[in-house]
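Chains L and Z are the protein sequences, given in the same order. Take the first sequence: its position 204, counted from the start at 1, is 897 in the working numbering, and no numbers get skipped. Take the second sequence: its position 47, counted from the start at 1, is 1051 in the working numbering, and no numbers get skipped.
Simulated from the structure, these hints should not be mistaken for laboratory data. These numbers were taken from a predicted model, which means no experiment stands behind them. Some clues are possibly wrong.
Within a straight-line C-alpha distance of at most 30 Å, the following computed DSS-like cross-link-like pairs (lysine-lysine) qualify [to be verified]:
#1 Z:K1126 - L:K784
#2 Z:K1126 - L:K718
#3 L:K718 - Z:K1100
#4 L:K996 - L:K975
#5 L:K702 - L:K930
#6 L:K917 - L:K956
#7 L:K718 - L:K695
#8 Z:K1244 - Z:K1171
#9 L:K917 - Z:K1100
#10 L:K872 - L:K917
#11 Z:K1218 - Z:K1244
#12 L:K872 - L:K702
#13 L:K978 - L:K956
#14 L:K702 - L:K718
#15 L:K872 - L:K996
#16 L:K718 - Z:K1218
#17 Z:K1100 - L:K784
#18 Z:K1244 - L:K784
Away from chain Z, derived, C-beta distances all over 10 Å, residues of chain L [said to hold, decoys possible]:
#19 S711
#20 L714
#21 T816
#22 S823
#23 Y824
#24 A859
#25 K872
#26 Y942
#27 L951
#28 K975
Just so you know, even glycine gets a beta-carbon here, dropped at the ideal spot from N, CA and C.
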Amino acid sequence: MKQFPTDMKSAFPYAVESIGLLSDKLVVVVGDIGHSALQGFANEYPNRYYNLGILEPTLVSVCAGLSKEGYIPLGHTIAPFIAERSLEQIKLDFCYHSLPGNLITVGSAFDYSTLGCTHHCYTDLALLSSYPNTEACYPSSPNELVSLLAQRYDSTKLTYYRMSRASHGVNFAEVSFGKNILVKAGEDITLLASGPQLKTALELSSLLESQGLTADVLYCHTYKPFDVASLTESVAKTGRLFVIEEHIYSGGLSSTALLAAVKAVPSLRFDCHCIPDLFIRKYGKYSEICEGLGFSSTSLYSKVVSLIR
Amino acid sequence: MTPPNSDLRSRIVQLVCAGGGGHIPSSFSVIDIIDLVYSRYITSADGLHYTFTLSKGHAACALYSVLHKYGYLTSEHLNSYLNYDSILGGHPDSTKVPGAEASAGSLGHGLPYTVGRALASKIASTNAIHFVLVGDGECHEGTIWESAIVANNLSLNNLIVLIDYNKSSDQICPHNSLLDQFESFGWKVFEADGHDTDAISTALALAVNDSCSKPRAILFNTIKGFGVPMLEGHGPWHYKIPNEAELTIIMKALGQ
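Kindly produce the complete structure, drawing on both the sequences and the hints.
Here you go:
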């Protein structure tokens, strides 16, 4: 086994090889993406690794067929080509058939910053979560990916993994599927973040502290099933919720969290920062897209302070 | 002269009339093929494992009639067709229907799904043959051709695609030669009259017993509504329920 990964790029093959050791039922199917990275698995288990080519809807249906025969499929390619191009295959061949399996995407939201709309994908969690028999998570650090895949690869449902290229930089000792992580405790507001935006939330909490304000920083890696309990406990204390996520406004974490939190605290003060209802037409680096869309502690600071005051 | 499988054809008509919905001509188009697949393979005890997937789900009444004939479904099941609590809907739901291998309806799913099953059998070194029935209209779907590539690349010689060539696609977007198309994708191809029992049996046996490493496709020349002249062709009968007078004509043509 290789050394434990320190970045997201090496985390994926490490996680897949780890699961390959756990189960001889795991069959990896890729759409000509990740082929080089997965050569370790391919060499170790040539009978359980297939690079089908650039035909994503068929890739998803083939995975469903493997599942029907008792194998544990792990389909992998770029996010929009699984979540959007192949959505009907997911709906019918997996969900309607009540078949389990794993779909791991690379290039979440605008990770492929320079490649334009065709390679951006920021509706996926809403789309996938909307179907019965699915679960969805968003691992954004190496140990999360390794841990979440180990916990759910043989789930009874179709598990969607939105794998980010960027990491939030926090190394969690323990990650439990379906459980948010309280990264920092405070009193004045709940900052709920997912993906690499945990980093922004932590920077925001430091800025708030400089003004004598404190925040619960809650990290969500599992979108479905959503951990209602940890959120309601936090907002019952703070009465205010601010959500930061690299997903379009509708149907993502902000919608789910708002519905859950307002039931617990009807007087809840709520705001969020998500991707607007627009195609991102800028290029540049990932960090530049983040900055351009206002995903930074300095951009969000006044919005958060006004929610508190 | 009554057509083959007149009992199964009558059952299809009765189902559609009682339930108030269904595709009679499409079901008539494939009934002779499905019946032979079940009688010769699915219900056989020759030591091999066979599966049959109906990809063109709108021919559900043909599948239900065959499943009833071979004991998967009861008469009570058939009598409940399209009722609120029935397990039998206008398209098969594999989570409900005993013997139905796939939930179908939207076209272009059955083949890639069966490619996955055939691949699984290869991985497990299982002695299994997987049949999947698609329509010629369905062959407009891109996933059919994506799957054709994959099946050939993976040498899935345990996969047999049964093409119901009832020429429904010829009116709009003809294929010119479906067999040539599959052959050009590396498949072993066969052709037969899809309403001639002997011809169907021969074609199935050739495809099953062929020793090459290629996936196989059998093009069955069929007629929508075959057996009842009033239903044949591509007119308004695609999703029409016969009235009483029409039912009498249909049943008379079926020798009932």
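So, going through the hints one by one against the coordinates:
The suggested pairing of Z:K1126 with L:K784 holds, with an alpha-carbon distance near 26 Å, which does not exceed 30 Å. Only pairs whose Cα atoms come within 30 Å are accepted, and Z:K1126 paired with L:K718 is accepted, the gap being roughly 13 Å. Note on L:K718 and Z:K1100: the hinted pairing holds, with a Cα-Cα distance of about 26 Å set against a maximum of 30 Å. With a C-alpha separation of about 24 Å, the suggested pairing of L:K996 with L:K975 holds against the 30 Å cut-off.
For the hint pairing L:K702 with L:K930, the CA-to-CA distance comes to about 38 Å; that exceeds 30 Å, so the pair is violated. Of the supplied pair hints, the one linking L:K917 and L:K956 holds, its CA atoms being roughly 18 Å apart against a limit of 30 Å. Of the supplied pair hints, the one linking L:K718 and L:K695 holds, its CA atoms being roughly 21 Å apart against a limit of 30 Å. In summary, the hint linking Z:K1244 to Z:K1171 is supported, as the alpha carbons are separated by about 19 Å, within the 30 Å threshold.
Distance hint between L:K917 and Z:K1100 is fulfilled; the C-alpha atoms sit about 26 Å from each other, no more than 30 Å. Restraint check: the Cα-Cα separation between L:K872 and L:K917 comes to about 10 Å, which is no more than 30 Å; the hinted pair holds. For the hint linking Z:K1218 to Z:K1244, the alpha-carbon distance of about 40 Å lies beyond 30 Å, and the restraint is violated. Distance hint between L:K872 and L:K702 is fulfilled; the C-alpha atoms sit about 24 Å from each other, no more than 30 Å.
As the CA atoms of L:K978 and L:K956 are separated by approximately 39 Å, the hinted pair breaks the 30 Å bound. The suggested pairing of L:K702 with L:K718 holds, with an alpha-carbon distance near 24 Å, which does not exceed 30 Å. Our distance criterion of 30 Å between C-alpha atoms is met by L:K872 and L:K996, whose separation comes to about 27 Å. In summary, the hint linking L:K718 to Z:K1218 is supported, as the alpha carbons are separated by about 25 Å, within the 30 Å threshold.
The straight-line distance between the Cα atoms of Z:K1100 and L:K784 is roughly 17 Å, inside the 30 Å bound, and the hint therefore holds. Distance check on the hinted pair: Z:K1244 and L:K784 sit about 29 Å apart at the alpha-carbon level, within 30 Å; holds. The non-interface label for L:S711 is consistent with chain Z: the shortest C-beta to C-beta separation is roughly 20 Å, beyond 10 Å. With 10 Å as the threshold on Cβ separation, the claim that L:L714 sits away from chain Z holds: the shortest Cβ distance comes to roughly 17 Å.
Under the 10 Å C-beta cut-off, the non-interface status given to L:T816 relative to chain Z holds; the minimum distance is some 21 Å. Distance to chain Z confirms L:S823 as a non-interface residue, since its nearest Cβ pair spans about 17 Å, more than 10 Å. Against chain Z, the non-interface label of L:Y824 holds: every CB pair exceeds 10 Å, the least being about 14 Å. Residue placement check: L:A859 keeps its beta carbon more than 10 Å from all beta carbons of chain Z (closest about 32 Å).
Against chain Z, the non-interface label of L:K872 holds: every CB pair exceeds 10 Å, the least being about 30 Å. No beta-carbon of chain Z is positioned within 10 Å of the beta-carbon of L:Y942; the least distance is around 29 Å. For L:L951, the condition that its CB be more than 10 Å from all CB atoms of chain Z holds, with the nearest at approximately 33 Å. With a minimum CB-CB distance of about 32 Å to chain Z, L:K975 clears the 10 Å threshold, and the non-interface call stands.
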